[in-house]
Amino acid sequence: MTIADPKAPRPDQADLDKAADRPEDADQWTAKIRTAAVEALPPQRMLPDRQPAYVASWIYVFGVVTISALCVVIATGFVLAIFGPNWWHVSSTGLFVNSLHLWSVEIFMFAMVVHLWGKFFMAAWRGKRKATWISGVVVFLVSVGAAFTGYLSQQNFDSQWISTQAKDGINSTGAGAIFNVTNFGQMIMWHIVLLPLCVVALVGLHVLMVRLRGVVTPFAAKNETPGVEPGAAASEVQA
Amino acid sequence: MPAIALVFTTLFGALIDLNKPGNYIHWGFIQMSYGNLIVIILMVVVFFAAILIPFKTHKSKEGDR
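Respectively, the protein sequence lines represent chains A and B.
Using this note's numbering, you'd call the opening residue of the first sequence number 215 and step up by one each time.
Using this note's numbering, you'd call the opening residue of the second sequence number 367 and step up by one each time.
Same shape as in the complex, but just chain B (with noise of 0.2 Å):
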């Protein structure tokens, strides 16, 4: 196995463990697999990210239409 690899696995395979069926969260009726759940708070993370950030534009100059 390639040493990035290898690094990868033990980093990620100690948190998640993709060698067995997959784990879900239970929350009432709600039934979520953590992939599923990383997937959605990644995107409300970037959501706010989107909107917080600036963002660097070339200003125009007066009178440059």
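Same shape as in the complex, but just chain A (with noise of 0.2 Å):
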């Protein structure tokens, strides 16, 4: 590491942004992912303020819907974590905080089907987006794991069943010798520890490619041009 000099001219913010504090430094590795992170990742094009025409639709609002109700899970957790099986199954606060939990749970994985449904049809993956369309995959995926194991940490008669109805399907699979759903140690840790934080980073993957790759253009109606993305028009509305 150069030690920089205090005297020195200090550059633009401008420079700052993409490059090294001193050109001398612009070899050091802690540069190198800056430029490269601010050249792949603009700060302009991560929360933008204006969206192109055709995002003016309901159907592209239920990933943020997903989002929002992704944060009340992960806040609501929190709460639970907090403060116990007793609490959340016998004391009425505890009891609106689980029913807030499971709501937003139901929130999150309706508002996704309804997103992977819009997506779909529209052809999401065009465009170099075929990463941005497997990352939701795979947040799916995970976002059902996470699901089933919170059934199965309940602390109920209702987990007790759904884990030794589940057990011989698992079993089946062969998943059983190291994935044990009768193991409340094991499946409490899953769901408060290793699914959130796999859900949580797929999903802020997911939102940063989205913003990389921008949102997918419609279909050409039949009357257009060919190759023409309606998408790419100038006009534009405010997020």
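Hint data in this document are derived by calculation from the structure and do not stem from the laboratory.
Keep in mind it's a predicted model, so treat the numbers as computed, not measured.
Even glycine gets a Cβ: it sits at the ideal position worked out from N, Cα and C.
Warning: the hint list may mix true and false statements.
[Unchecked claim] Below, in silico cross-link-like pairs of lysine to aspartate or glutamate (EDC-like), each with a Cα-Cα straight-line distance of 20 Å or less:
{"no.": "1", "chain 1": "A", "residue 1": "342", "chain 2": "A", "residue 2": "253"}
{"no.": "2", "chain 1": "B", "residue 1": "386", "chain 2": "A", "residue 2": "372"}
{"no.": "3", "chain 1": "B", "residue 1": "422", "chain 2": "A", "residue 2": "263"}
[Stated by the list, open to error] Okay, the calculated beta carbon distance ranges per label pair:
{"no.": "4", "chain 1": "A", "residue 1": "422", "chain 2": "B", "residue 2": "415", "range": "48 to 54 Å"}
{"no.": "5", "chain 1": "A", "residue 1": "358", "chain 2": "B", "residue 2": "387", "range": "21 to 27 Å"}
{"no.": "6", "chain 1": "A", "residue 1": "259", "chain 2": "B", "residue 2": "411", "range": "21 to 27 Å"}
{"no.": "7", "chain 1": "B", "residue 1": "376", "chain 2": "A", "residue 2": "355", "range": "38 to 44 Å"}
{"no.": "8", "chain 1": "A", "residue 1": "372", "chain 2": "B", "residue 2": "370", "range": "23 to 29 Å"}
{"no.": "9", "chain 1": "A", "residue 1": "358", "chain 2": "B", "residue 2": "414", "range": "23 to 29 Å"}
{"no.": "10", "chain 1": "B", "residue 1": "423", "chain 2": "A", "residue 2": "306", "range": "41 to 47 Å"}
{"no.": "11", "chain 1": "A", "residue 1": "355", "chain 2": "B", "residue 2": "372", "range": "23 to 29 Å"}
{"no.": "12", "chain 1": "B", "residue 1": "370", "chain 2": "A", "residue 2": "335", "range": "24 to 30 Å"}
{"no.": "13", "chain 1": "B", "residue 1": "368", "chain 2": "A", "residue 2": "359", "range": "36 to 42 Å"}
{"no.": "14", "chain 1": "A", "residue 1": "421", "chain 2": "B", "residue 2": "393", "range": "35 to 41 Å"}
{"no.": "15", "chain 1": "B", "residue 1": "407", "chain 2": "A", "residue 2": "372", "range": "23 to 29 Å"}
{"no.": "16", "chain 1": "B", "residue 1": "370", "chain 2": "A", "residue 2": "396", "range": "37 to 43 Å"}
Both chains come to you apart, so use the hints to assemble them.
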């Protein structure tokens, strides 16, 4: 690492955003990573003020609804983790937070499926967006696992019933040797540590990729010139 | 029981009896609870509503970029 000269003139902010503090620092790994990150993910594209005109449809809302529901899921999950099963089964406040956790998950899965249908019928993997589509599919599958281990972590007769029913299915796949659905300690750790981390990381990656490529354009109408993307038109709407 | 809870219990209790094992539909090899069927129907309804209902926007003025 080069020690900076405090008397040297400071570069402009714009230069700092894209390059090293000093030209002689440009070959350092920190400068290389920062430069590559700013070039790949410019801040103005990460949180845009305007969207293309074709985004003005309710079908584009369900991705944000899914993320909003995920925020409520995580917040209520934190509260449930603080006070524990005796609280969420017995006290009225605990029952309320437990219900918030359940219903926010219901909205999360509901909105995610409608989002999936919308993106499927507009073939949202077009325009180098295959990785975005695949990451969405993986988030969906991991979310199913997170919800399933949540049902196993309720600490009531329902969770006992589900675990004993599910063990035969899991065992038939051969996964029962390492994933024991009747092992509460293992299931709660999957539910509150491993799977939420995966879901949040994958959702973050998914959103980054959406911002990187932009929202997929609609299919061209029959009388439009092939190859011209309607979304490429100048009209925009405020976010 | 609070009055609002009584109203909901009376309304929905008449439609779906939650005090017994769940009701299931059997379409050939397809077996599904009414609860899951209702959620799927709701998702389809919301999907088409999202496509058909106009979305109010703040249109850009000419040259306002």
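Here is what the structure says about each hint:
1. A:342 to A:253: holds (18 Å)
2. B:386 to A:372: Given pair residue 386 of chain B, residue 372 of chain A holds - Cα atoms ~14 Å apart, limit 20 Å.
3. B:422 to A:263: Between residue 422 of chain B and residue 263 of chain A the Cα gap is close to 17 Å, so the pair holds against 20 Å.
4. A:422 to B:415: 48 to 54 Å: At 30 Å between Cβs, range violated.
5. A:358 to B:387: 21 to 27 Å: Because 24 Å falls inside the window, the suggested range holds.
6. A:259 to B:411: 21 to 27 Å: violated (35 Å)
7. B:376 to A:355: 38 to 44 Å: holds (40 Å)
8. A:372 to B:370: 23 to 29 Å: holds (26 Å)
9. A:358 to B:414: 23 to 29 Å: holds (24 Å)
10. B:423 to A:306: 41 to 47 Å: holds (42 Å)
11. A:355 to B:372: 23 to 29 Å: Violated, at about 41 Å.
12. B:370 to A:335: 24 to 30 Å: violated (40 Å)
13. B:368 to A:359: 36 to 42 Å: Distance hint for residue 368 of chain B, residue 359 of chain A holds at roughly 37 Å.
14. A:421 to B:393: 35 to 41 Å: At roughly 38 Å between Cβ atoms, residue 393 of chain B and residue 421 of chain A fall inside 35 to 41 Å, so the hint holds.
15. B:407 to A:372: 23 to 29 Å: For residue 407 of chain B and residue 372 of chain A the Cβ distance comes to about 24 Å; the hint holds.
16. B:370 to A:396: 37 to 43 Å: This hint holds: roughly 39 Å between Cβ atoms.
Checked against the numbered hints given earlier, this structure breaks hints 4, 6, 11 and 12; the rest are met.
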